[in-house]
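Trainee: This is what each chain is made of:
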Amino acid sequence: MAPVFSTIVTRLALRLPALIGVVLVSFALTRLLPGDPAVYFAGAAPTPEAIADLRRVLLLDQPLYVQFLSYVRDLVHGNLGRSLATGQPVVQDLSSRLPATLELTLAAMTLALLIAVPLGIAGARHKGRPVDHVCRLVSTGALALPAFFTGLLLVFLFYYLLGLAPAPLGRLAPMAFPPPERTGFMIVDAALARDWSVLADAVAHLVLPAVALAMAAIGPLTRVTRGAMLGVLSSDFIRAARGYDLPRWKLVYVYALRNAMLPVLTTIGFVFSFLISANVVIEKVFSWPGIGSYALEALVASDYAAVQGFVLAVATLYVLINIAIDILYGIVDVRVRLGG
Amino acid sequence: MAIAEALRDGFRRDPLTTATAAFLGAVCVMAVLGPMLAVHDPYTTDAARSLRPPSWSTPCGTDQVGRDICTRILYATRLDLFIAVSAVVIAMLVGSVLGSLAGYFGGWIDRLTMWLIDTIMAFPLFVLAMGIVAALGSSMENIIYATAIVNVPFYARTVRAEINQRREAGFVEAARIAGNGPFRVLIYHLFPTAIPQLAVQMTLTMGWAMLNAASLSFIGLGIRPPTPEWGIMVAEGASFIITGEWWVALFPGIALVLVVLSLNLLGDGLRDMIDARERR
Numbered sequence: 154m155a156p157v158f159s160t161i162v163t164r165l166a167l168r169l170p171a172l173i174g175v176v177l178v179s180f181a182l183t184r185l186l187p188g189d190p191a192v193y194f195a196g197a198a199p200t201p202e203a204i205a206d207l208r209r210v211l212l213l214d215q216p217l218y219v220q221f222l223s224y225v226r227d228l229v230h231g232n233l234g235r236s237l238a239t240g241q242p243v244v245q246d247l248s249s250r251l252p253a254t255l256e257l258t259l260a261a262m263t264l265a266l267l268i269a270v271p272l273g274i275a276g277a278r279h280k281g282r283p284v285d286h287v288c289r290l291v292s293t294g295a296l297a298l299p300a301f302f303t304g305l306l307l308v309f310l311f312y313y314l315l316g317l318a319p320a321p322l323g324r325l326a327p328m329a330f331p332p333p334e335r336t337g338f339m340i341v342d343a344a345l346a347r348d349w350s351v352l353a354d355a356v357a358h359l360v361l362p363a364v365a366l367a368m369a370a371i372g373p374l375t376r377v378t379r380g381a382m383l384g385v386l387s388s389d390f391i392r393a394a395r396g397y398d399l400p401r402w403k404l405v406y407v408y409a410l411r412n413a414m415l416p417v418l419t420t421i422g423f424v425f426s427f428l429i430s431a432n433v434v435i436e437k438v439f440s441w442p443g444i445g446s447y448a449l450e451a452l453v454a455s456d457y458a459a460v461q462g463f464v465l466a467v468a469t470l471y472v473l474i475n476i477a478i479d480i481l482y483g484i485v486d487v488r489v490r491l492g493g
Numbered sequence: 650m651a652i653a654e655a656l657r658d659g660f661r662r663d664p665l666t667t668a669t670a671a672f673l674g675a676v677c678v679m680a681v682l683g684p685m686l687a688v689h690d691p692y693t694t695d696a697a698r699s700l701r702p703p704s705w706s707t708p709c710g711t712d713q714v715g716r717d718i719c720t721r722i723l724y725a726t727r728l729d730l731f732i733a734v735s736a737v738v739i740a741m742l743v744g745s746v747l748g749s750l751a752g753y754f755g756g757w758i759d760r761l762t763m764w765l766i767d768t769i770m771a772f773p774l775f776v777l778a779m780g781i782v783a784a785l786g787s788s789m790e791n792i793i794y795a796t797a798i799v800n801v802p803f804y805a806r807t808v809r810a811e812i813n814q815r816r817e818a819g820f821v822e823a824a825r826i827a828g829n830g831p832f833r834v835l836i837y838h839l840f841p842t843a844i845p846q847l848a849v850q851m852t853l854t855m856g857w858a859m860l861n862a863a864s865l866s867f868i869g870l871g872i873r874p875p876t877p878e879w880g881i882m883v884a885e886g887a888s889f890i891i892t893g894e895w896w897v898a899l900f901p902g903i904a905l906v907l908v909v910l911s912l913n914l915l916g917d918g919l920r921d922m923i924d925a926r927e928r929r
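From first to last, the protein sequence lines are chains L and A. Sequential numbering from 154 applies to the first sequence in the numbering used here. Sequential numbering from 650 applies to the second sequence in the numbering used here.
Don't read these hints as lab results, they were simulated from the structure. Any given hint might turn out to be false.
Cut-off 20 angstroms, straight-line C-alpha distance, at most; resulting in silico cross-link-like pairs (EDC-like, lysine to aspartate or glutamate) [to be verified]:
| id | chain 1 | residue 1 | chain 2 | residue 2 |
| --- | --- | --- | --- | --- |
| 1 | L | Lys280 | L | Asp389 |
| 2 | L | Lys280 | A | Glu822 |
| 3 | L | Lys280 | A | Asp759 |
| 4 | L | Lys403 | L | Asp389 |
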């Protein structure tokens, strides 16, 4: 276990500079607010005294490094400021809405992997045949589809024309009674409460946004799976294994796939960037009550503390995901584990 | 020129890439001549003709205030192309300078540049662009700057790798011995060798820059209605999708998808051509 542990530590250390950079950029973004932040926070009809007071409270009269240190101190204490629109601390708003976003993103990622990996493998195994053309069409085509447009097309098709999907208005039907909140994941909560009609409703509401979001991830995942499988299938050890007359499925799905998974794992980390980004527009299209639509409401209301809190929270989430993938990579890949 | 020959040869062998290049050429002509080709005015509203489905006189239908959608798509082409091209050119220039310096001099310049790049890449890029536009203020220029900033890493990395790879090559050594200073060597001898890869990178990121800018407009940042822009037009049509007026959002969306798809196909094709040339 010791090598795994040291891998984790080295990998964490490698991500540290970027994390410091993230905090610096977030700080810079809060100081770039249009106009004077004090005037902005003072409200509609500020008096000069109120502005001066606020400047003191916001430390705007202090040198930049003092402002930065106090910003970092606030971050460490989980203080991202207060939202003007909801009147709540931004951290509280974000954490109450995060499960909805996570549920949607994870569903989309699972869906994307279930489609992209088999398709990429099939494309690589039957190079130049029809399934390979489908594979290449998907990997190029999906990249050209803006998430908001895919979402709207799906709504038009499955809600308006076919009537199969519920209206794109959130996680449950308006009259449905939400299950007691335990995990914040509607599907898990409904299952835990053994409320099957709500569970069916939640799943029905999740399908379209998850498919629309998955489209953002399918392109790169298919392309990388196909490329990696092509490389592995033509490598020496697979040729040798073929010589030993191993069953074909074992060759492809055990030996080749395991090796091809490494580049795919790296891409998963990168693809989360696409997913988190597309999430914002998908939440708008489907009125999904996650942190993306929270940020958009904040944007409309010029609620900058909330917007910047969202940016920082999402960047932190993304760094954490990448650290998790780094660790997973270190565990899967023997070469990394042995420090080679 | 070797590159021109490789491209001519490549285009002859690859009809799909040739077709997409021709299509994009036509789109550029439309963007330039748009206002001359349009029959209607993109801003004239007409309540009596609101939300008309596609017909002979209005091939893409009319929107909620009776404006001709086809005309608006035509006018938007110019704006969307302008945003994507400016963002990509700025990113290319900044990325080239950073990548060249990092790749040639190494040391602390390299470490600082890589840290900057890693920091940008530590954000989900669209969300960073959102944060930048929100902080700088909602305007077209800021959409361009934000899109350029999130694209810089790709160019800086490409150029850095290209320069690093040839830093010790014979022709560079020769240029150095001939008495050229480091910047002269870098600008006149090393940087030109990175241009083919840069061109590929530009076509590949152009489509993405366009999606990024359109998504920013879609969520209400940057360009404001009634300016015709594909992202805004889709956003305006979004509420009519669930009542069945599909054409308001569909046609601008298709325009966006077609142009981005062509850019991606062209980028892939160009990359194959240039890679084939480098393998030879």
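Trainee: Taking the hints in turn, state whether each one holds.
Mentor: Hint by hint, here is what the structure shows:
1. Note on Lys280(L) and Asp389(L): the hinted pairing holds, with a Cα-Cα distance of about 18 angstroms set against a maximum of 20 angstroms.
2. A C-alpha spacing of about 44 angstroms is found between Lys280(L) and Glu822(A), which places the hinted pair above 20 angstroms, so the restraint is violated.
3. In summary, the hint linking Lys280(L) to Asp759(A) is not supported, as the alpha carbons are separated by about 40 angstroms, beyond the 20 angstroms threshold.
4. Taking the CA atoms of Lys403(L) and Asp389(L), the gap is near 16 angstroms; set against the 20 angstroms cutoff, the hint holds.
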